[in-house]
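Here is what each chain is made of, one letter per residue.
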Amino acid sequence: MIVDSYRFLPRTFRPLYEGRGPFPGEEDPVWKPFAKRLSESRIALLTSAGLYLKESQPPFDLDGERARPEWGDPSWRSIPAGAEARELGVAHLHINDADILADPEIALPMRLLEQLAGEGLVGGAVANHVAVMGFQDRALNDWRQTTAPQIAAHLREQGADALVLAPA
Amino acid sequence: MMPALAEERRAPRIVGVEFPFGHAFGMPRDRAMQRRVLELALRVLAGAAGFGTRVDLDVEWPVPIREAYRAWQPKEPSPIVKKMLEARATS
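Taken in sequence, the protein lines are chains W and H. Note that my numbering has the first sequence beginning at -13, numbered continuously upward. Note that my numbering has the second sequence beginning at -10, numbered continuously upward.
Read the hints as simulated data drawn from the structure, not as lab findings. Fair warning: there could be bad hints in the mix.
Derived contacts from chain H toward chain W, CB cut-off under 8 Å, selection only [said to hold, decoys possible]:
1. F14
2. P17
3. G39
4. R55
5. E56
6. K72
Now the stretches of chain H that chain W is said to cover, found in silico as 3 or more residues with beta-carbon under 8 Å [unchecked claim]:
7. 1 to 13
8. 29 to 35
Every residue gets a Cβ at the ideal spot worked out from N, C-alpha and C, and that includes glycine.
Model the full assembly from the supplied sequences, consistent with the hints where possible.
The structure is reproduced here in structure tokens:
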């Protein structure tokens, strides 16, 4: 089965995504072989579903996006692997968040990853995964200069061997 | 969900799923489906032979397309979509 990338996208949006090619300056392949065994590797997850901890973290800045529709909050949140569904909020204006709130594993499968670690498929999971909000301005300057380096530093601190990126 | 876009943006390893937006790992509370996605992602992570490896998951979304298409969308249009719709209406 070949996945139809545009099956769930409104037809009029397709030209906004199709055939755009790489970002300028990002044409070259990025590749690093995965040298370790999966069963000895610590894995991190990143979701772009806009998850945050309701009690201790601010939601992503949706008012800012409403004021400037072409801008999206470029900050990120550290999500503890043991966070319960009831502790998580979703701040994302581009998706219906009902299913994610009912079962955050569909965006950030932290419990499942722990289970796979328990079964020995992976060596382990980081203590703190990562959440961002996926709608971003086209230039991505904040991402390049601040967000991505901060997330990379966080992943190094967590001892992550690899990151699974999950778009929302 | 949009593996063609991931290829264009030069992602090194890609798993394609034909799921509605907001559901990268599948249906709520369907642990078997979620496990199939995450296991495939981990196997592609560790086993891909080179840049641009893409493996699509052979799982059909178990909700009729019209219903699923409506269900993933926010209750009101996002600010950028609203702006586009307003611009289209005035042009």
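Hint check:
no.: 1; hint: F14; verdict: holds (5 Å)
no.: 2; hint: P17; verdict: holds (4 Å)
no.: 3; hint: G39; verdict: holds (7 Å)
no.: 4; hint: R55; verdict: violated (11 Å)
no.: 5; hint: E56; verdict: violated (11 Å)
no.: 6; hint: K72; verdict: holds (5 Å)
no.: 7; hint: 1 to 13; verdict: holds (count 10)
no.: 8; hint: 29 to 35; verdict: holds (count 5)
Figure legend: structure checked against the earlier numbered hints; hints not met, in rising order: 4 and 5.
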